[in-house]
Amino acid sequence: MVSRATRTPFGEWWWTVDKLLLGALATLMLAGIVLSLAASPPVAARLHLEPFYFVNRHVWFLLPAIVIMLATSFLTPHQIRRLALVMFTLSVAMVIYTILFGAEIKGARRWMTFAGMTIQPSEFLKPSFVILISWLFAESARRPEMPANSLALGILLFVVTLLVLQPDFGQTMLILLVWGALFFMAGMRLVWIGGLCAVSLVGLTGAYYTMPHVAQRIQRFMDPSSGDSFQITTSVSSFLRGGWFGLGPGEGTVKRILPDSHTDFVFAVAGEEFGVVLCLMLLLLFAFVVIRSLRNAMQNEDPFTRFAAAGLAILFGLQSAINMSVNLHLMPAKGMTLPFISYGGSSMLSLAYAMGMLLALTRERPRAEMLASYVNVAPAGARA
Amino acid sequence: MTVSADAAIKSGLSWRRRLVQRLLYGVNIDRAAKSRARVGLAILAFFIGYAVIAGRLIQLAAAPDNHTVRRAADAVSTARPDIVDRNGEILATDVKAASLFGEPRKIIDVDEAVELLTAVLPDLDATELRERLSSKKGFVWLKREITKKQQQEIHRLGIPGVGFLTENKRIYPNGAEVAHLIGLVNIDNQGIAGIEKWLDGRGLADLHMAGLAVDRMDKPIDLAVDLRVQHAMRDELIAARDKFKAIAAAGLVMDVRTGEIISMVSVPDFDPNNPKEANDPTRINRLTTGVYEMGSTFKALTLAMTLDAGKATLASSFDARTSLRYGKFTIHDYHAQNRMLTVPEIFTYSSNVGTARMALAMGVEQHKAFLRKMGQLERLRTELPESAEPIVPKRWGELNTVTIAFGHGLSVAPLQAVMGIGALMNGGMLIPPTFMKRTEEEAAKLAVRVVKPETSDKMRYLMRLNAEKGTAGQADVKGYYVGGKTGTSEKVVGGRYSKTKLLNSFTAVLPADKPQYLLLIMIDEPKATPETHGYATSGWNAVPVGGKVIARIGPLLGIEPRFDLPPSDRLILAKGR
Numbered sequence: 000m001v002s003r004a005t006r007t008p009f010g011e012w013w014w015t016v017d018k019l020l021l022g023a024l025a026t027l028m029l030a031g032i033v034l035s036l037a038a039s040p041p042v043a044a045r046l047h048l049e050p051f052y053f054v055n056r057h058v059w060f061l062l063p064a065i066v067i068m069l070a071t072s073f074l075t076p077h078q079i080r081r082l083a084l085v086m087f088t089l090s091v092a093m094v095i096y097t098i099l100f101g102a103e104i105k106g107a108r109r110w111m112t113f114a115g116m117t118i119q120p121s122e123f124l125k126p127s128f129v130i131l132i133s134w135l136f137a138e139s140a141r142r143p144e145m146p147a148n149s150l151a152l153g154i155l156l157f158v159v160t161l162l163v164l165q166p167d168f169g170q171t172m173l174i175l176l177v178w179g180a181l182f183f184m185a186g187m188r189l190v191w192i193g194g195l196c197a198v199s200l201v202g203l204t205g206a207y208y209t210m211p212h213v214a215q216r217i218q219r220f221m222d223p224s225s226g227d228s229f230q231i232t233t234s235v236s237s238f239l240r241g242g243w244f245g246l247g248p249g250e251g252t253v254k255r256i257l258p259d260s261h262t263d264f265v266f267a268v269a270g271e272e273f274g275v276v277l278c279l280m281l282l283l284l285f286a287f288v289v290i291r292s293l294r295n296a297m298q299n300e301d302p303f304t305r306f307a308a309a310g311l312a313i314l315f316g317l318q319s320a321i322n323m324s325v326n327l328h329l330m331p332a333k334g335m336t337l338p339f340i341s342y343g344g345s346s347m348l349s350l351a352y353a354m355g356m357l358l359a360l361t362r363e364r365p366r367a368e369m370l371a372s373y374v375n376v377a378p379a380g381a382r383a
Numbered sequence: 000m001t002v003s004a005d006a007a008i009k010s011g012l013s014w015r016r017r018l019v020q021r022l023l024y025g026v027n028i029d030r031a032a033k034s035r036a037r038v039g040l041a042i043l044a045f046f047i048g049y050a051v052i053a054g055r056l057i058q059l060a061a062a063p064d065n066h067t068v069r070r071a072a073d074a075v076s077t078a079r080p081d082i083v084d085r086n087g088e089i090l091a092t093d094v095k096a097a098s099l100f101g102e103p104r105k106i107i108d109v110d111e112a113v114e115l116l117t118a119v120l121p122d123l124d125a126t127e128l129r130e131r132l133s134s135k136k137g138f139v140w141l142k143r144e145i146t147k148k149q150q151q152e153i154h155r156l157g158i159p160g161v162g163f164l165t166e167n168k169r170i171y172p173n174g175a176e177v178a179h180l181i182g183l184v185n186i187d188n189q190g191i192a193g194i195e196k197w198l199d200g201r202g203l204a205d206l207h208m209a210g211l212a213v214d215r216m217d218k219p220i221d222l223a224v225d226l227r228v229q230h231a232m233r234d235e236l237i238a239a240r241d242k243f244k245a246i247a248a249a250g251l252v253m254d255v256r257t258g259e260i261i262s263m264v265s266v267p268d269f270d271p272n273n274p275k276e277a278n279d280p281t282r283i284n285r286l287t288t289g290v291y292e293m294g295s296t297f298k299a300l301t302l303a304m305t306l307d308a309g310k311a312t313l314a315s316s317f318d319a320r321t322s323l324r325y326g327k328f329t330i331h332d333y334h335a336q337n338r339m340l341t342v343p344e345i346f347t348y349s350s351n352v353g354t355a356r357m358a359l360a361m362g363v364e365q366h367k368a369f370l371r372k373m374g375q376l377e378r379l380r381t382e383l384p385e386s387a388e389p390i391v392p393k394r395w396g397e398l399n400t401v402t403i404a405f406g407h408g409l410s411v412a413p414l415q416a417v418m419g420i421g422a423l424m425n426g427g428m429l430i431p432p433t434f435m436k437r438t439e440e441e442a443a444k445l446a447v448r449v450v451k452p453e454t455s456d457k458m459r460y461l462m463r464l465n466a467e468k469g470t471a472g473q474a475d476v477k478g479y480y481v482g483g484k485t486g487t488s489e490k491v492v493g494g495r496y497s498k499t500k501l502l503n504s505f506t507a508v509l510p511a512d513k514p515q516y517l518l519l520i521m522i523d524e525p526k527a528t529p530e531t532h533g534y535a536t537s538g539w540n541a542v543p544v545g546g547k548v549i550a551r552i553g554p555l556l557g558i559e560p561r562f563d564l565p566p567s568d569r570l571i572l573a574k575g576r
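Protein chains in written order, with numbering that gives the first Met the number 0: chain A, 0 to 383; chain B, 0 to 576.
In short, the hints are calculated from the structure, not lab data. Yeah, the Cβ is synthetic: ideal placement off N, Cα and C, and Gly gets one too. Incorrect hints may have been included.
Pairs of lysine to aspartate or glutamate, EDC-like flavour, derived with a Cα cap of 20 Å [what the hints assert, rightly or not]:
1. Lys105(B) with Asp259(A)
2. Lys33(B) with Glu300(A)
3. Lys105(B) with Glu300(A)
4. Lys33(B) with Glu138(A)
5. Lys136(B) with Glu250(A)
6. Lys135(B) with Asp259(A)
Output of the computed footprint for chain A on chain B, the stretches with three or more beta carbons under 8 Å from beta carbons of chain A [said to hold, decoys possible]:
7. 31–39
8. 108–122
Could you put together the complete structure from these sequences and hints?
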């Protein structure tokens with residue numbers, strides 16, 4: 000159907016894109032719709048909305064998300080960098096806007112209304128941040144005369160400051176972890192990695208003592224009886240109830256008393272209604288996406304592509320792993336969505352953008368083309 | 000990159016930048032290879048992370064699921080097999096009853112639910128009900144075993160989050176008739192006493208766990224007990240307890256050929272349909288749970304031992320001219336004859352002195368060994384979980400042998416004594432008693448020879464002689480050729496034997512020539528009445544009760560009445576000669 004003989008942009012895309020990765024992402028999106036059918040009607044009922052309000056919106060967000068993902072996957076690394084710069088600037092502006100003018104919801108200013116839609120700009124910040132940092136670390140290897148590392152550190156501090164001001168502890172942690180991972184992969188000496196770990200430990204301790212809700216959550220994780228750990232005990236009990244094969248679609252009862260069952264605790268609902276076997280399959284899908292992308296990144300010759308693909312995969316992987324761990328009481332409660340499964344417009348669109356870039360970066364490219372791009376930007380003196 | 004390129008780059012840099020580079024990445028490092036390796040490490044890290052999550056998922060799935068559905072299934076009283084007597088009469092059966100439960104998580108308005116439910120079930124405590132419904136549990140019982148009408152009314156209320164489960168309720172149609180024997184169950188239909196508990200121990204509980212025993216079990220449990228005999232026995236014992244103002248009365252019928260317990264009654268008893276009564280300590284089963292000094296009944300064992308060992312024959316005489324002084328103790332005879340007594344005379348006059356001398360002729364060790372062989376020194380285990388350990392003297396000297404010879408100083412469960420006497424009657428085979436049906440062939444496999452058949456013949460002759468001439472005369476129901484032995488033991492009160500507090504017993508074998516059944520009647524602390532001329536010994540209460548019981552159960556047991564039989568010396572002993 001797609002000819003190899005004539006070179007069309009679509010043909011080129013089709014023959015170079017990682018189809019297994021694409022398939023895994025499509026399956027996740029499909030699973031997201033099915034689980035939304037299970038998890039969101041009780042929430043809608045609680046908010047006095049029509050039962051399928053969230054399902055409909057989930058599907059409506061999914062359509063532009065698919066378009067964004069596919070469109071982004073057509074871009075070249077060069078275009079990706081440019082787009083990321085634009086996206087980063089835009090989302091930073093929006094984050095600043097939310098801090099200054101945003102409505103306070105649950106003690107945080109994270110959301111802004113734009114054209115009738117509620118947007119969480121920090122979601123869009125993450126993927127573009129990863130691309131920029133990857134670029135800087137890659138540049139530092141290629142053009143040591145540029146202050147790339149200092150710039151990367153500066154951007155990190157800037158973004159973290161913004162997120163702490165919101166405040167958004169979860170996103171801050173995620174940004175820090177991804178930055179640390181990129182820093183690690185850039186080949187820094189272990190001394191600095193150790194230093195980074197020490198700094199984050201100090202930061203975490205600081206947060207523990209200065210932010211009471213962080214301290215509370217950690218205490219409750221360590222000792223569930225120390226406070227209200229309702230969400231977690233309920234979430235764990237839903238896995239116990241579900242057993243291997245679940246109670247069956249619509250048979251779940253825990254979802255009715257679990258707050259955020261359609262966002263942060265979708266995984267628990269899946270466990271109750273469809274059983275641990277389905278949860279394991281979801282887990283396998285996430286692991287497949289992450290590990291395949293990382294392996295792809297490892298084999299890539301171009302530093303930027305490697306860092307960017309690895310960074311996006313780690314972002315995606317961390318988010319999924321943290322969400323599942325919280326659901327399973329392996330980590331203190333932390334608001335984090337399960338990629339493509341949880342309900343949330345901003346998260347969905349941002350993920351589509353990130354995964355589109357991942358698809359674009361993991362496309363098979365002739366070595367010559369890669370070297371050519373390298374030669375184009377490299378200074379004359381670097382030619383071998 | 001080649002070395003020249005590297006050098007070219009480095010040469011273009013200020014010394015400060017070079018220092019930073021070195022500090023950051025180290026010297027002479029292939030950063031491309033290093034970063035590739037580190038991406039590999041990231042893969043490993045994610046692999047481990049996901050594996051941990053998968054492990055946790057599997058752990059939760061494999062955890063013993065205590066979720067609501069199972070909990071409810073566990074809580075539901077599961078089915079038990081029917082228990083029937085030897086003729087197929089139902090002693091215990093299951094009846095379906097609805098129980099009300101709540102699922103607090105599904106309840107929308109707790110206040111409304113409490114209000115409506117207490118209107119239908121006024122005996123429900125509103126505070127407790129509210130507490131239960133407000134909990135975060137998935138399943139709570141609200142009321143067990145409600146009536147059909149109540150169920151309909153609650154159903155009509157349409158309260159979300161409450162429901163009914165059909166449970167099996169255990170019913171004992173005969174009430175207290177077989178109480179001690181079959182025991183009872185708790186609210187969850189788990190056996191807590193008697194045969195019911197034995198059933199659970201036999202794997203029924205495991206079946207319940209597996210959720211298999213949910214519906215009526217098709218195979219009933221056949222007991223050896225005969226409900227008719229049981230009724231006659233209980234009837235007479237209640238009357239006797241009333242008449243003699245006794246603390247308690249107990250009776251037992253055992254088939255000496257098979258060891259089957261045909262009847263076992265201990266009054267006061269309890270109605271298993273009303274479990275509260277069962278906890279009353281005065282209502283214990285005296286035949287298995289209590290241990291007693293059996294008194295003169297034990298003399299049968301001493302005589303059998305001496306006869307069996309050949310240390311004496313029926314013609315032998317023993318010195319009973321004076322009381323027996325042993326250390327600072329003096330053993331008296333109740334019916335003192337003050338002369339030499341032959342063995343049959345010792346038995347019919349129930350001479351303590353004569354029996355003691357017979358035991359002394361055997362010696363302490365042989366006495367002990369014989370009683371051990373007869374199963375009198377160890378706890379007797381039957382199907383009934385309730386059993387008591389005999390109280391055996393720690394240091395067993397000659398004095399102990401002297402007293403134990405006539406039934407003092409060793410406390411055994413009455414069922415245990417019956418087993419021992421039964422072996423003396425049935426030809427010398429010790430058969431462990433059972434509450435289940437058992438054929439003679441099955442019994443023969445379990446039986447152990449303890450005395451010679453001739454000894455058994457002699458013992459039956461002596462028992463019969465007692466009815467013809469001795470203390471058991473009042474129980475000699477014509478036609479059944481009864482043989483018997485009385486026992487009157489003084490109870491120990493405050494460390495001394497009391498003259499007024501007696502434990503009376505009567506052991507009878509019927510018929511004495513061809514033994515089929517052994518009967519035991521026990522009366523705890525009977526009082527003298529005008530009718531008994533101020534006597535409270537066994538011959539005046541336990542024996543007549545035994546006679547009444549024999550007259551009633553003889554026909555039920557299918558013993559053919561035979562009249563005009565010759566006296567025992569010709570009928571029983573003639574065979575042996």
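**Q.** List of violated hint numbers, smallest to largest
**A.** Per hint list: 3, 8 violated.
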